[in-house]
Amino acid sequence: MTVANARHTDTHELCRIDDLVAWSGVVALHQGHQLALFYLPRGCDRQSGAEIFALDNHDPFSGANVIGRGIIGDKDGEPVVASPIYKQHFRLRDGVCLEDPEQRLTVWPVRLKGDLVVLEP
Amino acid sequence: MNAQHPIPDDLTLDSLALDSNKKQLIVIGNGMVGHHCIEQLIERGATRDWQIHVFGDERHRAYDRVHLSEYFSGKDADALALGEPDLHATNGVSLHLGVRVEAIDRDNHEVVTARGRLPYDNLVIATGSWPFVPPIPGPDVSEHPQARLVYRTLDDLDAIRHHAAGARRGVVVGGGLLGLEAANALKSLGLEAHVVEFAPRLMPVQLDDQGGAALRQRIEALGVGVHTGRATEAIVPLDEGEYAYRMHFRDGEHLDTDLVLFSAGIRPQDQLGRDCGLDIGERGGIVIDDTCCTSDPAIFAIGECALWQGQIFGLVAPGYTMARTVAGCLNDICEPFSGADMSTKLKLLGVDVGSIGDAFGTTEGAKSYRYIDEAGNGYRRLVVSGDGKKVLGAVLVGDNSYYDTLLQYAQNGIDLPDDPAALILPQGEGGAPTLGADALPDTAMICSCHNVTRGAVCQAVDEGCADIAALKIETKASTGCGGCTALLKQVFEHELESRGIDVDKSLCEHFAFTRQELYALVRVEGIQSFDELLEKHGHGLGCDICKPTIGSILATCWNQPIMDPQNVALQDTNDTFMANMQKNGTYSVMPRIAGGEITPDKLVVLGEVAKKYDLYTKITGGQRIDLFGAELHQLPDIWQELITAGFETGHAYGKSLRTVKSCVGNTWCRYGVQDSVAMALELEHRYKGLRTPHKVKMGVSGCTRECAEAQGKDIGVIATDAGWNLYVCGNGGMRPRHAELFATDIDSATLIRYIDRFLMFYVRTADKLQRTSVWRESLEGGLDFLKAVIIDDHLGLNDELERQMQHVVDTYECEWANALGDPEKLKRFRTFVNDQCGDPDIINVTERGQPRPARPHERPESLAVEISS
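Each protein sequence line maps, in turn, to chains A and B. Each residue of the first sequence is one higher than the one before, counting from 1 in my numbering. Each residue of the second sequence is one higher than the one before, counting from 1 in my numbering.
Warning: the hint list may mix true and false statements.
Said to hold, decoys possible - Okay, derived cross-link-like pairs now, SDA-like style, lysine to any residue, Cα gap no bigger than 25 Å in a straight line:
#1 A/Lys113 with B/Arg830
#2 B/Lys390 with B/Pro426
#3 A/Lys87 with B/Ile843
#4 A/Lys87 with B/Thr514
#5 B/Lys536 with B/Trp558
#6 A/Lys75 with B/Phe513
#7 B/Lys827 with A/Asp18
#8 B/Lys827 with A/Ala50
#9 A/Lys87 with B/Pro856
#10 A/Lys75 with B/Asp467
#11 B/Lys612 with B/Ile625
#12 B/Lys583 with A/Arg104
#13 A/Lys87 with B/Lys695
#14 B/Lys695 with B/Lys612
#15 A/Lys75 with B/Ile843
#16 B/Lys827 with A/Arg42
#17 B/Lys75 with A/His58
#18 A/Lys75 with B/Pro426
#19 B/Lys347 with B/Glu70
#20 B/Lys583 with A/Val96
#21 B/Lys827 with A/Gly32
#22 B/Lys583 with A/Ser62
#23 B/Lys827 with A/Gly43
These aren't lab readings, by the way, just hints derived from the structure by calculation. It should be emphasised that the depicted structure is a prediction, and the values quoted were computed from it without experimental measurement.
Model the full structure from these sequences, guided by the hints.
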């Protein structure tokens, strides 16, 4: 589904909630940036409300745009995504790579607004 | 990197505040041995009594010279650095990097540097060695540095990298251990590499003639030129021609090259000792006694600059032992240095080489056993004492799996078995012979880098070390060269088990169970989903280890489509998108071509699809056709066309049955005795889609000529006049293993029944990602046990195993057909959820008439950068 970016408002609509995949990732394009969106319908503790994380889709280790296709999980309780190519783990909260903390994916501020996934300004 | 104890340029050493309550200790040299000495001093609390200064010539912190070549394969100076960066600062040790000690003033007990003088009470010289460059006539070094490179320091490596850019061929002078390392480095920099050795064989110090010959053949097979028995007489610059220099050899031959790297041995760096009048050996080296003391009682020397009983030790482990001796002498109790074991095992250019003790059999009365594998270029020699009771030494080329056991025999004087040759002969089953951890005495050395014995490991376990990581921190075992990792793990687990402690074999942090245990839980409790299993038996969110494993277990047990919503987040990307991800994020598509048999019409369709979507096509080793380069959003369209033409998924992405390779069988072949193609088709269609712990391959040959190479597969079937012979647990790939004969002359129905049972038993009991060959090695009782279970139904499982397999067979469904019929599932196949375009970063170029991913320098943005810069 294609949703036109809203103009003259504070937030950008990326996609609808039913474009997301529970406990996994999809990728949205925003002004030339590829954002990997990860949807945890019951949050990082599997108990509370839904959480969405948006990280760069570009994997610095392989140079390919694939982060959105990694497996979600946790390491010592910290939610992470594993790159599908060489399996490094990136923290969903701040994008830091656990194996090489100097590598860090940009984390984008996203949230649910009704049925829409929006990017904060 | 110099930031730990920087000395401002205007500060002289004379102005440093010295603590009058402490004695002054100076260590000259900050290599591996000097660094180890500091670590040992700190560990023994020496900083209470001593104020310590360390001087290093190099600008880098101490680094791991043993793994220097990894600098070319991605590690930077920081990754090679030894110890914690703040080790010196937090312990009050002053580290002076890039400051050369120019002289030792023994009369005044001072060292002299450009920054001034510093007094000492005791001095440790750990200046190591320098690479020997033979005096060969050649061009002026200042104008032709690339004709005189050496391989010793990080700066040397930077110089090699610099000169390798644009060069095509490099020659290493010296075919010893470091020379071969250096040749590998040149290779990894993309150069054609050659090795020139003066001696008639490679590694003349460690290997005998036959070992050297086997090594040579293996190295030549890797494309490295080997020239032994060659003395270089001159290096002459070439004004024209393909290469920059010509090396002339004494025998009149010559070799052209763009750079020359010398690795012709080391010489002790003893100049400081020489200049201040310490005793020096005839061929160099600062003479030391058993306490590492030089001819001046206030001065010690350790490592490769030191000469002990006429010997220089060119390995790191003896240097570490000397460092411990000195640290002891300066602090608590001196443990005298009593020589060192020069046994070593290495992987040079990917070839295993091992040398233990008296490798040449020079001990009086010594006798040798030799195993020579001319076909595989393997060589093993076992040197035993005259009475045949003890191992004196060994040489290994090609397979170091024999090393640990032989070393333990040699070091601990363990009595040889009745047939010593068995220790080096190839083992039909189960790999190299091992010495049980319980056979080792407490004094057995486990880690010779850090002097850790079996007794020390036991003590650490007694004191509460409960996992390998803690054990490594506690004992430092396996943190040096890493060669003892496997042995350490074996001893550790044996110690835990002998104390009745369960060895932690948890799948991952989320499940405290093995794959087998989880499999049992899923089946016994009828668990249908990851969520349910996690609720009942795990915690957290799961991870990329447990999710695919459990996804596979659920798929085998219940045969649920992997694309069902509850399973989709468990799969790795290949299973999620039912295609194999390649390096640029595109996928390859591989439809099933059962048994390698395909109709002309289908061949045409594959060609048409590949052309339409601009895919690279390649025929695989498993008799299939792989289409590379499809983007995510193209996969459904491609598969729709393939399925319409009668194809189905080939499961090339899954841990499942891949292919059943076949020869042409008796239909066309004049030798074939059975219809191998028909049998291959039957097997492939029966087991397609079965999820297994690792991928499974099969082969069916129509006669004993074995054209399908069935004995290299997990399941191999070979036709006989009377039926089929069944082979199991073979393996191609990285660690090939011949399959073993399981049953002979059986009919087709029996064959399939046995394979049903075998596969299901494997699926139920193997570990995560465990191949059948490794699983087979882990089975207590080996092949006989397997035969008892599968053929004689020893465990009474067979009805159940066959029923379960029949369920999988009956509920087979092409996963791609399933997904294409469900719009919800197809939603995942979008490159972007909010745009229909493809990934703009995927760029192909054409090579040999087909597309392939652009290399970095071929991409438009890199060209743009070049133009604008």
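Hint-by-hint comparison with the structure:
no. : hint                   : in the structure
1   : A/Lys113 with B/Arg830 : holds (23 Å)
2   : B/Lys390 with B/Pro426 : holds (20 Å)
3   : A/Lys87 with B/Ile843  : holds (23 Å)
4   : A/Lys87 with B/Thr514  : holds (21 Å)
5   : B/Lys536 with B/Trp558 : holds (19 Å)
6   : A/Lys75 with B/Phe513  : holds (17 Å)
7   : B/Lys827 with A/Asp18  : holds (10 Å)
8   : B/Lys827 with A/Ala50  : holds (21 Å)
9   : A/Lys87 with B/Pro856  : holds (22 Å)
10  : A/Lys75 with B/Asp467  : holds (18 Å)
11  : B/Lys612 with B/Ile625 : holds (16 Å)
12  : B/Lys583 with A/Arg104 : holds (20 Å)
13  : A/Lys87 with B/Lys695  : holds (19 Å)
14  : B/Lys695 with B/Lys612 : violated (31 Å)
15  : A/Lys75 with B/Ile843  : violated (35 Å)
16  : B/Lys827 with A/Arg42  : holds (22 Å)
17  : B/Lys75 with A/His58   : holds (22 Å)
18  : A/Lys75 with B/Pro426  : violated (43 Å)
19  : B/Lys347 with B/Glu70  : holds (13 Å)
20  : B/Lys583 with A/Val96  : holds (22 Å)
21  : B/Lys827 with A/Gly32  : holds (22 Å)
22  : B/Lys583 with A/Ser62  : holds (7 Å)
23  : B/Lys827 with A/Gly43  : holds (23 Å)
Violated hints, in rising order: 14, 15 and 18; the structure is consistent with all others.
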